[in-house]
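Asks: Listed below, chain by chain, are the residues.
Number of protein chains: 2
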Amino acid sequence: MATTLAIDGLADRLRERLGERVSTSPVVREGHGRDESHHRPFPPDIVVFPESVDEVVAVVGLCREHETPMIPFGVGTSLEGHVAALQGGVSIDMSRMNRVIEVNAADLDVRVEPGVTRKQLNAHLRDTGLFFPIDPGADATIGGMAATRASGTNAVRYGTMRDNVLGLTVVLADGRTIRTGTRARKSSAGYDLTRLFVGSEGTLGVIVEVTLRLSGIPEAVSSAVCAFPGVDDAVETCIAIIQSGVPVARIELADEVQIAAINRWSKTDLPERPVLFFEFHGSESSVAEQAETAESIAADNGGTGFEWSARQEDRNALWQARHDAHYANMALRPGCRAWPTDVCVPISRLAECIAETRRDIAATDLLAPIVGHVGDGNFHIDFVLDPDDEAELAAATGVNERLIARALAMGGTCTGEHGVGYGKKKYLAAEHGEGVSVMRAIKQALDPANLMNPGKIVDPPG
Amino acid sequence: MATTLAIDGLADRLRERLGERVSTSPVVREGHGRDESHHRPFPPDIVVFPESVDEVVAVVGLCREHETPMIPFGVGTSLEGHVAALQGGVSIDMSRMNRVIEVNAADLDVRVEPGVTRKQLNAHLRDTGLFFPIDPGADATIGGMAATRASGTNAVRYGTMRDNVLGLTVVLADGRTIRTGTRARKSSAGYDLTRLFVGSEGTLGVIVEVTLRLSGIPEAVSSAVCAFPGVDDAVETCIAIIQSGVPVARIELADEVQIAAINRWSKTDLPERPVLFFEFHGSESSVAEQAETAESIAADNGGTGFEWSARQEDRNALWQARHDAHYANMALRPGCRAWPTDVCVPISRLAECIAETRRDIAATDLLAPIVGHVGDGNFHIDFVLDPDDEAELAAATGVNERLIARALAMGGTCTGEHGVGYGKKKYLAAEHGEGVSVMRAIKQALDPANLMNPGKIVDPPG
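Keeping their order, the protein sequence lines are chains D and H. According to my numbering, the first sequence is numbered sequentially starting from -3. According to my numbering, the second sequence is numbered sequentially starting from -3.
Hints are not guaranteed to be accurate.
Computed from the model, here is a short list of chain H residues facing chain D with C-beta under 7 Å [to be verified]:
{"id": "1", "residue": "Ala102"}
{"id": "2", "residue": "Gly171"}
{"id": "3", "residue": "Ile174"}
{"id": "4", "residue": "Met435"}
To list a few chain H residues with every Cβ distance to chain D over 12 Å, as calculated [to be verified]:
{"id": "5", "residue": "Glu12"}
{"id": "6", "residue": "Gln116"}
{"id": "7", "residue": "His120"}
{"id": "8", "residue": "Val339"}
{"id": "9", "residue": "Ala359"}
{"id": "10", "residue": "Asp385"}
{"id": "11", "residue": "Glu430"}
Quick caveat, the hints were computed from the structure, so don't treat them as lab data. Small disclaimer: the values here were computed from a predicted structure and weren't measured. We treat Cβ as the ideally placed atom computed from N, Cα and C, and that holds for glycine.
Whenever a hint applies, use it, and build me the whole structure from the sequences.
Replies: Now the structure itself:
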């Protein structure tokens, strides 16, 4: 941890370069040390707001010279303490680098600065017939989404950030700027540096530009809702739909606890039973065909009230309610804090994994709704906790640890989309074994002084 | 280069472990130092045929102890000198590790040893309703395809090896075995080691197991052929089809030189003009709809004789003819050697890139048909050369260098799917700039003694 004097010296030098766009105000620092999780926040010592790649290079150079940690910051919607300044240092807030640089409609790609948010990008694209499909719920920045390998509701059809980032510009710990990838759709020209930086959570460099793949807005879109007697029935329906090859765009589970919260918060009147939300993209006839197949599979599994609609207002209301699940949960207990955790398992094990997890939750007094991007085998528990109740936190920690062990034993991963941050670092060894030492060797090779978001993903050797 | 005595000593120790499955026969060595390219072959000193992960670990340990290079080998269908033993050493032939370990039909995944070939895998899957879609033409091994990030005709719909490898088991240079990835469809648990090893061409470790994503065999498949007045018209048709969002499974270009060669070799009677080959996958109605849209776009661009067929015999004959293009080209000049090179560009630049390249070829005396996976913006020149004619080789080298410069200037890559090997190493700096030094740092971190397929992709620092 740097001394106050050292920090003052660095802040002065940063101000020489960035002027007023350097803050040591406690309020600004507090806001940059926390994300949307329950994890303990750690405020940085300084927050800077660069407006260009050159300014980021200058900030990185000064931090290196002062041996001070640096933590890239988007809008702080991460969920595992990714932006916490565990060892103090400088938060590099990328929100002012928010230009859409170039839309190549003919190539279905776009080049953006990292501070562009996904909603801003889609608003910008409105007249092009194209959209950026990755939708993690929060209006995260593209840079943050790339850094955490974000995913969300559309991933079952459109993939995750891993699949939709064509290339990056990154400022490395040593101040050099590299460009990974090209605008070509595919390449076998050397190591896949793009995929190395996607999901590296700011530990290998600062992402300063992102080239994204876009998708054509489908000719037709329809959505549907269907309720099931039990969670198993809903999950079995999902598995059968995926296995049957229906190219569903979204297929989301909410259990009855979650539906009750949604109804109360969003003034909906969904049946308070396990529900699947669907969305289908394609031509008019393909969308109708997909909905019919899904309805028939749902009916085979006891699904009732399958309603589908191609009206945009209905769809928007439905997905807004789904996206607001986290806020709906928090509203169940005023003053509480929510802790969303996620795992992802092979889809054949999904029903079993969710059932065992629900039994585990039922054996506690926890309020813990389950939602899931079940088409990918990915689901979340959203623990709703009294932040001052140690016993509750301990119970949730136990459920989370058993959840992760269960997912790993089923051939799954400790996080499908939330990332590692400092909240899940301790589980990486169980998932990757010796692979963690390979990650460590890469970290050491690219950031030998361990100044890039230290304490996240892996610690340095020794 | 190791001395004969040192090699004898290593061969003896390898025989202690692998018995008869160690060869120093000149014929075997010759066969393991060459691939299907025109690049000069370099035979290894020793070829080993391990049958288990433990044996690979033992081979790697002995090579390390003897400071001897090791080069993983599949079936030798690579195209940029990937398997050439530039500094001698041990070729690790993985062909005896060719078991399909586990098919998880419900999860659409499969675990295989690296020596399984793609045709062997698809034969194995025949009764499951699933298939492995990546089709580079050659019956390559899955390990080799992962190592070179192979792609091919289906990539426009199903992605490349990057997208279809879920996880790998890799023996590292230091003898440790790591498992990357899980069977989960997505993960954000740390650095993406799977994507780092996919495309690393044996320079970071030996792939000893691969978990692949499978796809459902589509309910309906149809194929089509359409001829165009000029290459531009064919390419514009392709661009319009991709931009219109038709989920075409394959869209392949062959120019009139290539079609003439195919007709002669495969006894087909295709019009000797630029041709697009299509394949559509989906439901019966979706396939019909796709074919109609494609036909209409083709007609707008002067396409004539659009014929489509859902008969499997017709499809097989068509794709066999397409896959035999390379052999058809070699048959044009008995005794010649073919040199296939590839680039990939943003699709909006594809017509221009191909047109300029054809003008460049026309200014030479070269026989150089063009084929392309044009839905991805990827195309190949297949130079047909007299191996003893230095002037021809020099002319082809010039065309290749200008092709690569053109592709890079258009925002593309120096290789879309063939890889780097030693043939394209010199072009990486132009494509990646400082990124090459990041690749070098990773290579150095994971293989400090530079024993893993040395001389490919990047050289060590200094």
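Asks: State the violated hints by number, sorted upward, taking the hints as numbered earlier in the document.
Replies: 2, 8, 11
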